[in-house]
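Chemist: Which chain is which? The protein sequence lines are A and B, in order. Each residue of the first sequence is one higher than the one before, starting from 1 at the first, in the UniProt record's numbering. Each residue of the second sequence is one higher than the one before, starting from 1 at the first, in the UniProt record's numbering.
Worth flagging that the hints you see were computed from the coordinates, not collected in a lab. Errors might be hidden in some of the hints.
Put simply, identical chains are the same to the list, so a pair is met inside one copy or across any two.
No farther apart than 25 Å at their CA atoms in a straight line, the calculated lysine-lysine pairs in the BS3-like style are these [as the list claims (entries may be wrong)]:
no.	residue 1	residue 2
1	K63	K73
2	K8	K196
3	K108	K423
4	K148	K8
5	K63	K203
6	K181	K320
7	K181	K196
8	K34	K350
9	K292	K63
10	K148	K269
11	K297	K400
12	K341	K297
13	K73	K400
14	K2	K73
15	K2	K423
16	K423	K407
17	K362	K34
18	K8	K323
19	K148	K2
Note that this is a predicted model, so its numbers are computed, not measured.
Number of protein chains: 2
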Amino acid sequence: MKHIDIKKLLTDAESYVDTSVTVCGWVRNARNSKSVSFIELNDGTCLNNIQLVIDKNEVEVNKNAFNVGAALKAVGSFVRSERNGYEIQIQTIEVLGNCPSDFPLQKKRHTIEFLRTIPHLRVRTRYFEALFAVRDQLSYAVHDYFHKNGYKYVHTPIITGSDCEGAGEMFRVTTQPWDAKAGNGSAYLDEESYFKDDFFGTKAGLTVSAQLEGEMAAMGLGRIYTFGPTFRAEHSNTTRHAAEFWQVEPEVCFADIDDIIEIGEDFIKSIIRDVMEHCPDEIQFFNQWVDKGLIEKLNLVLESDFGRMTYTEAVEILQKSGKEFQYPVEWGCDLQTEHEKYLTEEYLKKPVFVVDYPADIKAFYMKQNPDGKTVAATDLLVPGIGEIIGCSEREADMEKLVAAMEKRGMPLEEYQAYLDTRKYGSVPHSGFGLGFDRMLMYVTGVSNIRDTLLFPRTVGNLF
Amino acid sequence: MKHIDIKKLLTDAESYVDTSVTVCGWVRNARNSKSVSFIELNDGTCLNNIQLVIDKNEVEVNKNAFNVGAALKAVGSFVRSERNGYEIQIQTIEVLGNCPSDFPLQKKRHTIEFLRTIPHLRVRTRYFEALFAVRDQLSYAVHDYFHKNGYKYVHTPIITGSDCEGAGEMFRVTTQPWDAKAGNGSAYLDEESYFKDDFFGTKAGLTVSAQLEGEMAAMGLGRIYTFGPTFRAEHSNTTRHAAEFWQVEPEVCFADIDDIIEIGEDFIKSIIRDVMEHCPDEIQFFNQWVDKGLIEKLNLVLESDFGRMTYTEAVEILQKSGKEFQYPVEWGCDLQTEHEKYLTEEYLKKPVFVVDYPADIKAFYMKQNPDGKTVAATDLLVPGIGEIIGCSEREADMEKLVAAMEKRGMPLEEYQAYLDTRKYGSVPHSGFGLGFDRMLMYVTGVSNIRDTLLFPRTVGNLF
Numbered sequence: 001m002k003h004i005d006i007k008k009l010l011t012d013a014e015s016y017v018d019t020s021v022t023v024c025g026w027v028r029n030a031r032n033s034k035s036v037s038f039i040e041l042n043d044g045t046c047l048n049n050i051q052l053v054i055d056k057n058e059v060e061v062n063k064n065a066f067n068v069g070a071a072l073k074a075v076g077s078f079v080r081s082e083r084n085g086y087e088i089q090i091q092t093i094e095v096l097g098n099c100p101s102d103f104p105l106q107k108k109r110h111t112i113e114f115l116r117t118i119p120h121l122r123v124r125t126r127y128f129e130a131l132f133a134v135r136d137q138l139s140y141a142v143h144d145y146f147h148k149n150g151y152k153y154v155h156t157p158i159i160t161g162s163d164c165e166g167a168g169e170m171f172r173v174t175t176q177p178w179d180a181k182a183g184n185g186s187a188y189l190d191e192e193s194y195f196k197d198d199f200f201g202t203k204a205g206l207t208v209s210a211q212l213e214g215e216m217a218a219m220g221l222g223r224i225y226t227f228g229p230t231f232r233a234e235h236s237n238t239t240r241h242a243a244e245f246w247q248v249e250p251e252v253c254f255a256d257i258d259d260i261i262e263i264g265e266d267f268i269k270s271i272i273r274d275v276m277e278h279c280p281d282e283i284q285f286f287n288q289w290v291d292k293g294l295i296e297k298l299n300l301v302l303e304s305d306f307g308r309m310t311y312t313e314a315v316e317i318l319q320k321s322g323k324e325f326q327y328p329v330e331w332g333c334d335l336q337t338e339h340e341k342y343l344t345e346e347y348l349k350k351p352v353f354v355v356d357y358p359a360d361i362k363a364f365y366m367k368q369n370p371d372g373k374t375v376a377a378t379d380l381l382v383p384g385i386g387e388i389i390g391c392s393e394r395e396a397d398m399e400k401l402v403a404a405m406e407k408r409g410m411p412l413e414e415y416q417a418y419l420d421t422r423k424y425g426s427v428p429h430s431g432f433g434l435g436f437d438r439m440l441m442y443v444t445g446v447s448n449i450r451d452t453l454l455f456p457r458t459v460g461n462l463f
Numbered sequence: 001m002k003h004i005d006i007k008k009l010l011t012d013a014e015s016y017v018d019t020s021v022t023v024c025g026w027v028r029n030a031r032n033s034k035s036v037s038f039i040e041l042n043d044g045t046c047l048n049n050i051q052l053v054i055d056k057n058e059v060e061v062n063k064n065a066f067n068v069g070a071a072l073k074a075v076g077s078f079v080r081s082e083r084n085g086y087e088i089q090i091q092t093i094e095v096l097g098n099c100p101s102d103f104p105l106q107k108k109r110h111t112i113e114f115l116r117t118i119p120h121l122r123v124r125t126r127y128f129e130a131l132f133a134v135r136d137q138l139s140y141a142v143h144d145y146f147h148k149n150g151y152k153y154v155h156t157p158i159i160t161g162s163d164c165e166g167a168g169e170m171f172r173v174t175t176q177p178w179d180a181k182a183g184n185g186s187a188y189l190d191e192e193s194y195f196k197d198d199f200f201g202t203k204a205g206l207t208v209s210a211q212l213e214g215e216m217a218a219m220g221l222g223r224i225y226t227f228g229p230t231f232r233a234e235h236s237n238t239t240r241h242a243a244e245f246w247q248v249e250p251e252v253c254f255a256d257i258d259d260i261i262e263i264g265e266d267f268i269k270s271i272i273r274d275v276m277e278h279c280p281d282e283i284q285f286f287n288q289w290v291d292k293g294l295i296e297k298l299n300l301v302l303e304s305d306f307g308r309m310t311y312t313e314a315v316e317i318l319q320k321s322g323k324e325f326q327y328p329v330e331w332g333c334d335l336q337t338e339h340e341k342y343l344t345e346e347y348l349k350k351p352v353f354v355v356d357y358p359a360d361i362k363a364f365y366m367k368q369n370p371d372g373k374t375v376a377a378t379d380l381l382v383p384g385i386g387e388i389i390g391c392s393e394r395e396a397d398m399e400k401l402v403a404a405m406e407k408r409g410m411p412l413e414e415y416q417a418y419l420d421t422r423k424y425g426s427v428p429h430s431g432f433g434l435g436f437d438r439m440l441m442y443v444t445g446v447s448n449i450r451d452t453l454l455f456p457r458t459v460g461n462l463f
């Protein structure tokens with residue numbers, strides 16, 4: 001179907017003036033005056049609509065072309081227009097698909113909550129069109145950054161037998177029927193025989209993090225990143241948690257904690273800059289309708305040299321702050337969002353890496369510092385959201401790693417492949433994890449993770 | 001850790017000559033002569049090693065630095081070398097991580113079958129380093145192609161309640177324990193109450209195709225593509241099937257079957273051209289060691305105008321071929337690989353789109369042709385592999401779509417969201433699916449899908 005994208009038409013507008021053009025799209029709005037009718041058409045290629053102008057004395061148009069949501073193919077003359085920049089004076093309109101009046105997105109303001117009930121249709125609103133345009137550009141920015149810097153994109157497995165964090169909130173993957181029976185027709189008597197008959201011959205689940213496999217890949221490919229779905233069977237029904245979300249996890253060999261901090265700062269600035277440059281209309285839209293301080297906040301990140309303080313310093317700062325925190329602060333406690341926000345928003349007023357967390361509140365794979373108490377781990381805190389990436393240098397020393405695993409009661413035999421990387425030519429290496437959907441929330445100001453995903457998965461919700 | 005990538009060193013070699021450089025990497029090989037020792041070091045950034053030259057009279061080096069697999073940091077003078085192009089005359093070597101002699105990748109030729117048993121280590125071989133470099137570049141080529149052409153990358157859900165193909169080979173996703181008991185402690189009596197207590201409150205599985213959600217996204221965003229993992233619980237243990245594989249699925253609104261054929265040809269040529277341009281060493285490696293005709297085969301694809309024939313013509317050609325096929329050919333049968341290969345390798349000797357397949361052997365969502373027997377579906381067949389992408393125009397007419405679904409006994413109530421796209425402003429649209437891992441097999445000549453995935457998932461295998 002020969003036609004031109006509305007984006008192209010509006011970008012190269014002057015070259016199309018006074019030529020005949022064909023556009024396709026959906027009716028966002030239509031109105032009538034005595035002699036002229038107007039249709040706002042959107043084809044998904046850009047936030048802007050093109051206005052179709054129908055001279056009723058000259059052109060006869062199928063009345064269904066005026067139904068909001070209808071799909072049209074329109075041919076006409078592309079002209080300058082005083083009020084709208086450009087418009088199309090219509091010669092013919094073909095209704096590709098009619099839209100009945102029970103279409104839920106009639107011309108009026110809809111609440112985000114209502115739109116959440118129709119995820120399959122909300123892509124036809126400005127809000128979600130803008131959001132998924134930014135999601136697309138942010139994805140590209142991630143790939144582009146790592147590609148240009150010599151990282152290899154690897155596809156780590158989604159179905160896995162290992163449990164990266166030692167957490168228990170994994171989904172199980174199975175081909176056993178819900179009422180599986182053993183070969184002899186009786187119920188399974190034990191777990192082992194049940195899983196022996198399952199697809200993989202062992203218990204399988206959905207990955208909670210690609211890190212361990214990422215480390216194994218990096219220990220040969222040098223620098224890698226993953227960008228794929230990860231899963232947590234979290235029952236917590238918050239605005240920041242989804243059961244299925246996308247994560248970016250680079251892993252860099254021959255890099256220590258200082259190197260990965262430098263990379264993390266460069267990466268975050270680079271992808272924000274990319275989106276602001278390539279999605280100016282969308283970022284402007286969110287700045288106007290969602291968070292009036294959005295552009296200012298993003299510019300602050302771009303223009304700051306990120307700060308750095310130790311966890312121990314952070315605790316002292318919080319204790320001396322005179323603030324009444326809901327969660328009291330003492331050395332050894334995990335920092336809560338209220339603490340993180342104070343440090344980055346009020347104290348330093350810019351992004352900050354907090355380094356050297358207590359070993360006891362961090363994961364087993366983090367490099368143990370000489371003090372015997374802390375690990376070479378850092379969270380990047382940014383104004384407006386708190387933690388955005390978690391980095392660490394990984395423990396490269398086999399003995400120390402095994403000791404940390406044993407202390408946590410982890411079954412070493414399930415981690416033999418991972419431990420092999422420390423046995424055979426271990427190297428200093430570091431990495432971080434970025435929750436991609438949360439990053440999208442950050443660059444758009446959108447406050448609910450459910451709105452950043454096409455079809456969000458949360459407890460009880462599988463639309 | 002300040003050091004320089006071996007890739008950069010060899011790419012910009014002349015600018016480093018006679019300067020002091022620091023490199024890191026793993027020992028691929030080491031050998032000794034009376035006064036000089038040599039180490040081949042690889043850091044994963046490129047296929048080539050750098051040779052370290054140790055003058056035994058001048059420099060003392062830890063003997064572990066000569067163990068294959070050990071990780072080193074080496075400092076020395078970068079110089080031209082007659083035999084190797086460039087090499088490093090060593091000043092100091094630090095052993096970052098030793099490698100004991102039970103390292104499985106000692107210097108000798110290993111079979112691919114053996115390497116398959118150590119997926120976590122095989123990334124340290126030339127073969128797999130080359131393979132994952134091409135996988136990375138091919139991924140980037142996919143993103144780059146669609147990004148430049150105005151497609152939005154969307155993340156469709158991995159956990160889903162729908163079953164795109166009407167096939168039954170889905171993995172189930174659950175948080176119910178293997179021996180789940182109902183609330184009263186007794187066994188579940190029926191499926192409904194079992195799934196009501198599951199995480200999503202309903203039966204959930206891993207997606208077999210992103211297409212249906214992709215269509216829904218396109219019907220608002222205009223042009224989209226997905227690139228993510230898909231799953232089939234296939235028990236077939238072949239060289240072409242994995243339980244978890246990556247698929248690329250674009251969906252284009254206002255595009256008919258002719259448009260998507262044009263796009264498919266342009267896309268396939270574009271990503272092959274990209275990989276040949278950016279991975280010359282790797283493609284040369286595969287051409288030398290895996291498939292001597294590889295480069296010729298890829299060039300043939302680039303230089304051909306892809307052919308086009310109807311399924312009906314294809315059947316006639318096969319029947320008149322005089323060939324003894326294992327599966328006899330008659331109108332209405334599905335084309336087997338032997339038929340596909342004959343058409344593209346022997347008959348046309350170039351890639352060919354076979355269009356208008358019988359409706360009965362294709363999926364419900366394909367556009368029904370006016371003949372009442374065939375659908376606007378096409379497979380692209382290429383020499384050396386057979387089918388590589390499956391395209392179709394989608395049925396945009398609600399009544400015809402519903403009729404096709406009812407004919408197949410599909411439960412309409414589970415597809416209401418999908419059907420809404422036909423109810424509210426339906427448009428002609430088309431798309432295709434590319435098995436990404438199979439495409440990687442094609443551009444490398446590698447014949448087993450298990451070798452294209454970092455940690456392949458197949459029945460009984462969850463390494």
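Chemist: Does each hint fit the structure? Answer for all of them.
Modeler: The hints, checked one at a time:
no.	hint	verdict
1	K63 with K73	within (14 Å within a copy, 75 Å between copies)
2	K8 with K196	neither (57 Å within a copy, 49 Å between copies)
3	K108 with K423	between (64 Å within a copy, 20 Å between copies)
4	K148 with K8	between (28 Å within a copy, 13 Å between copies)
5	K63 with K203	neither (59 Å within a copy, 43 Å between copies)
6	K181 with K320	neither (62 Å within a copy, 52 Å between copies)
7	K181 with K196	both (12 Å within a copy, 21 Å between copies)
8	K34 with K350	neither (57 Å within a copy, 60 Å between copies)
9	K292 with K63	neither (40 Å within a copy, 63 Å between copies)
10	K148 with K269	both (15 Å within a copy, 23 Å between copies)
11	K297 with K400	neither (41 Å within a copy, 51 Å between copies)
12	K341 with K297	within (14 Å within a copy, 58 Å between copies)
13	K73 with K400	between (67 Å within a copy, 22 Å between copies)
14	K2 with K73	within (10 Å within a copy, 59 Å between copies)
15	K2 with K423	between (61 Å within a copy, 24 Å between copies)
16	K423 with K407	within (20 Å within a copy, 59 Å between copies)
17	K362 with K34	neither (70 Å within a copy, 51 Å between copies)
18	K8 with K323	neither (53 Å within a copy, 51 Å between copies)
19	K148 with K2	between (36 Å within a copy, 19 Å between copies)
Consistency note: the structure conflicts with the earlier hints numbered 2, 5, 6, 8, 9, 11, 17, 18.
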